[in-house]
Structures are given as structure tokens and as C-alpha cells.
Amino acid sequence: MLRATLLVLLLFCSWTQAQQDLVVIVNKTNPTDTLSHKAVVDMFMGKYLAFPDGSMAQTYDYQKDSQIRSTFLSAITGRSISQINAYWSRVRFSGKVSPPQVFPDVMTVLDKVAHTANAIAYVPAHTVTAQVKVVYTIAQ
Amino acid sequence: MRILAALLLSTHLTAECSTLNLDGFANLSLTTSSSETAKIRHLISQPHGVRDNEIGLYNSSIGMQLEWQHSARWQTVVQAVIKDQEKHGLDTLAQLAFIRFMPSANWTLRAGRTGLDLFMMTEYRDIGYSFTHEHLPTEFYAIIPHQNIDGIDVRYKTPTSLGLLGLHAFIGRSTAPIVSDDNFYWDAELANIKGLTLNLDRHNWSFRINYTQSKSGNENEQQKQLKEAISQVPVQIWPNQAQLTDSLNIVGKQFNYGALGVRYDNAVWLVQSELSYINSNSEVLNHLRSGYVSVGKRFNEHTLMATASIAKSNNQVPEPPLVSNPELDYLYQSIIRHTNFYLIDQNTLSFTWRMELNNTVALKVQIDHTSVQQLPSAFYLHKPSLNPDNDFNTLGVSLNWVF
Chain A
1 MLRATLLVLL LFCSWTQAQQ DLVVIVNKTN PTDTLSHKAV VDMFMGKYLA
51 FPDGSMAQTY DYQKDSQIRS TFLSAITGRS ISQINAYWSR VRFSGKVSPP
101 QVFPDVMTVL DKVAHTANAI AYVPAHTVTA QVKVVYTIAQ
Chain B
1 MRILAALLLS THLTAECSTL NLDGFANLSL TTSSSETAKI RHLISQPHGV
51 RDNEIGLYNS SIGMQLEWQH SARWQTVVQA VIKDQEKHGL DTLAQLAFIR
101 FMPSANWTLR AGRTGLDLFM MTEYRDIGYS FTHEHLPTEF YAIIPHQNID
151 GIDVRYKTPT SLGLLGLHAF IGRSTAPIVS DDNFYWDAEL ANIKGLTLNL
201 DRHNWSFRIN YTQSKSGNEN EQQKQLKEAI SQVPVQIWPN QAQLTDSLNI
251 VGKQFNYGAL GVRYDNAVWL VQSELSYINS NSEVLNHLRS GYVSVGKRFN
301 EHTLMATASI AKSNNQVPEP PLVSNPELDY LYQSIIRHTN FYLIDQNTLS
351 FTWRMELNNT VALKVQIDHT SVQQLPSAFY LHKPSLNPDN DFNTLGVSLN
401 WVF
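Going down the list, the sequences are from chains A and B.
Under UniProt numbering, the first residue of the first sequence carries the number 1, and numbering increases by one thereafter.
Under UniProt numbering, the first residue of the second sequence carries the number 1, and numbering increases by one thereafter.
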């Protein structure tokens, strides 16, 4: 009985964890299978927009005030969203780099990545579809 | 009109292949100073300053940036900023207006009006939200009024074993106003600007080296009048008349800028420092050394930071004429005022408190204590005084936000 309860609890925890995890996704035709943490940071902070094979990446993001953006960017950089916004204001307003294209919700982002060969974005793990490929996972 | 109407409905438009983004920034900045002689300002372009406990909003500004992403490779960026300036027009309003092309992840090409990549923070000095200081260190940043360049640039980035390496080369020209006492106004042109910046980003570290050359493209009315007056004085009375005329002949004179910068930011501790060396083959700006170091620590939504900055030039006082009379004395004093414009010797100790009010708004308070060995100074405007006060405190409070 105790063993069964523990098993159910474990499965529940795993399911909850999967609900909270964020994953970085690319188009399923993209040859990239995994990305390093540094490559993810470089792409989503506008530092270096390239996949490991050197091809150019197109980053997709969410609105500035969205919770998923704050969670993701803070998780990969270890910085507060205020610090990240200050960084992006330096990059954006000095005209060095374009910020990622912004979309209103996860479903739209999934659809855009599924239809854009060089796209990269992040979504909650439990929303991933067969049309996209996971290349990096952030466990919350 | 259709674009304008659409912008009113949404700041982010997404079409099948392109995006139009409208973003902005604003700084509401209040400044007061105990200085009795120097009117405090943060850039030599500013026509206003505060002294004797006056309160001024002259460091406030507002800007908008429109960015049209035609595709992942092509973008057009236009940025307009309204701030304290002597003259307002399309040319002074437009901070950025360029087309950007990214043929690959490594290369970026831009043509048009771009930011001048002279020092670490020159390109975003108007965006108060983007840096911790309430205002950039006066000793380092106030002397160069030029913030943008009309020309072309190329940027190359590549990951290396040392970190992300970046090379930025730019050429073009730039104009910016210099404002001083007695209604002095000069729209100073830097022609034939050629610059190269090397960047290395590694973990929490960022290193930067820049070298830029330019030539003075024009001269002001005061220089013309002085040269004309000097030419009337016989060589027997003023033996170094020819050298003096040549030193005032600024058109075509070369100006060189060199800068080293380092930044460390591990999300809790922040250290940033820059050193610069500016020289020219003109007596107007012989050479100027400046530097600053800032050390800050973050406590959740609060950042406390201390900054020490220094600037020192070695401009030479020209030899006087061999004969003294009221006209020659007046001419000599006028020349000294002119050649001493960049005679700078001062330092400032600053303490800054930055508080994040929310994710896009910050409140900053900064107290500066400045010791000046030379007044008048190019940095400031002045109340005429035979006994200038050489130590003063300045308080700056600003609300900065991005939207």
C-alpha cells in the first residue's frame, strides 16, 4: 500500500514538474539536436544568433511583461528581469541588434516555429507538439 | 497615414514576413548643486546648467524608436530624442536612422546614422534606464558631444575559446553642438572618422578596446576672428605669431581617441572602469586623459554604487606678446580663454542608489562631490567670478523608464 502511494506521489511530482519545465524548441527539420547553455543565452540575449552548424537563427519571444519571458530569461541568465530589461534597453536603443520577434501566446509561437526552418523559441514542456523539436530543457 | 493609424492601435505589428516595433524611453531628471560659480551640466552640448542650489530639469529627455524588421536579415531603425539643446531641428532630433543587413550570424552591416562607438556607454547615454549611474561620469563622458555618426559600419562576431569576440569598424562624419559662456555656439564637425572597436565577452566579463581617428571639419566664428586679429600684430611684437595662428587653425587637424574598458557583472556585484586618451595636433585640445571606476552591489531591487572619476589635460598657455597695451592684452586674454577651453583638471566622487520600481521603471539618486583645480572648465557654464569655488556637491534624482 505504502509502495503504491509513493509511486503515485512520484508520478504526480513528475507530472507537475513537466508542467513547470520550459523547453527550447526548433523546427523539426533543423539538424540541431541539442544546444549548450551558452548557445541558448547567446541567442536569446541577442549576442550571437547562430546554430552550431553556423546557420542563422531567428529567435521568437513573448511580450515584455509576460510571466513566461521573465521565468525563462531569469532562469538562463541568473539575473532579475529588471537587469535583463536594462541589458536589452542598451542593446536595442544603441541599434546593435534587433530584439526577437514577439508573439502573444504559446500556441502562436509553436505554430511559427513549426512553419519556420531557422526559428528558435521556448515553450512550457507539456505544450510541445510533434511539429517541433526540443533542443534544451530548463527544469524549474 | 495607414502606418500611423496602425501604430495607434498596437505597438507591435506582425505581418507574414515583417514586424514593426515602436519602443521608447524617458528620463525625468532633477539636478541641484551647491556650486556658486560653475553651472552644472552633464554634456558640453547643453545650453543650461544649475548652480547656487537652483533646481533644474535640464537632464530630462524622451525618445522613441521605430524599428521595421523587413526580415531576419534586413531592418530599418529610426530613433528620435528630445532633450536640452540650443537648437532643435530634424538633424538634432534624429539620433539614429539606418538600415541594417545581417548576411550571416557573424556579420552585420549598417548604413546611415548610427551610434558612435567611442566609449562603452556613448551609444546609449540618453537611455537612463540602461545604466546604474544617475548620470554618466562627467569627467569621462561630458567632453565629447558627438553621439552618432553618418556613415557605414561593419561588425563581425565569432565565438572563440576565449569568449565571444567582436570587431566593429566604422567610417563617416559627425556634427554636434558645443555650447559655452558668452553665447558661444559651435556646431563642431568631425570629418573622416575612422574607428575600430574590439570586444570580448566571457562569462560575466566584458573587455573593450577602441581607437578612433577624425579630423576637424570646420571652425567657429571666434577662431576666425582671433586668427584675423593675430595676423594684424607685427612679428617683432609677437614672435610666435605664426605658430599661434597655426594652432588656432583647427580645420583639418587630427583628433585621436583611444579607450580601454572593462565590465564585470555577476548579477550581484558590478564593476566597470574605462580609461581614455584624447589628443590632437591642435593647441585647442592638446591631450586629455580621463578615467573612472565604479563598484556596485545589488540588494534585491536596490543597487548601491560608488564611482571615482578624473580628467586632466595639459594644454599649454601661449607666450604673450613682447609689448603690453590694452588692445594686445585683450587679444591675449581672448586667446587664452580659447586655448584654455579644454584646460581640465578635476575629479569627482559619486554615490548612487538605484531602486527598481517595477520591471521597466527605475528611480535613481546620486550625490557627487567634485574638486576642480581649473575653472572655468569646458564641462560647465559659469557665472563670472574672480574667486571661483573649487569644491561643490551635486544632487541628481531621476526617474527612468522604458516602454
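Source of the hints: derived by calculation from the structure; they are not laboratory data.
Accuracy of the hints is not assured; some may be wrong.
What the hints assert, rightly or not - Computed spacing ranges between beta-carbons, pair by pair:
{"id": "1", "chain 1": "B", "residue 1": "Asn314", "chain 2": "A", "residue 2": "Pro104", "range": "56 to 66 Å"}
{"id": "2", "chain 1": "A", "residue 1": "Pro31", "chain 2": "B", "residue 2": "Ile367", "range": "22 to 32 Å"}
{"id": "3", "chain 1": "B", "residue 1": "Val293", "chain 2": "A", "residue 2": "Lys28", "range": "30 to 40 Å"}
{"id": "4", "chain 1": "B", "residue 1": "Val397", "chain 2": "A", "residue 2": "Thr34", "range": "27 to 37 Å"}
{"id": "5", "chain 1": "A", "residue 1": "Thr34", "chain 2": "B", "residue 2": "Asn393", "range": "47 to 57 Å"}
{"id": "6", "chain 1": "B", "residue 1": "Thr158", "chain 2": "A", "residue 2": "Ser66", "range": "43 to 53 Å"}
{"id": "7", "chain 1": "A", "residue 1": "Thr34", "chain 2": "B", "residue 2": "Trp269", "range": "45 to 55 Å"}
{"id": "8", "chain 1": "B", "residue 1": "Leu349", "chain 2": "A", "residue 2": "Thr127", "range": "51 to 61 Å"}
{"id": "9", "chain 1": "A", "residue 1": "Thr29", "chain 2": "B", "residue 2": "Tyr156", "range": "23 to 33 Å"}
{"id": "10", "chain 1": "A", "residue 1": "Thr127", "chain 2": "B", "residue 2": "Ile367", "range": "26 to 36 Å"}
Claimed, not checked - Calculated pairs, DSSO-like style, for lysine-lysine (alpha carbon to alpha carbon, straight line, at most 27 Å):
{"id": "11", "chain 1": "B", "residue 1": "Lys297", "chain 2": "A", "residue 2": "Lys47"}
{"id": "12", "chain 1": "B", "residue 1": "Lys39", "chain 2": "A", "residue 2": "Lys64"}
{"id": "13", "chain 1": "A", "residue 1": "Lys47", "chain 2": "A", "residue 2": "Lys28"}
Cβ coordinates follow ideal geometry from the N, Cα and C atoms, glycine included.
Check each numbered hint from earlier against the structure, then list the numbers of those it violates in ascending order. Failing hints, ascending: 2, 3, 4, 6, 7, 10, 12.
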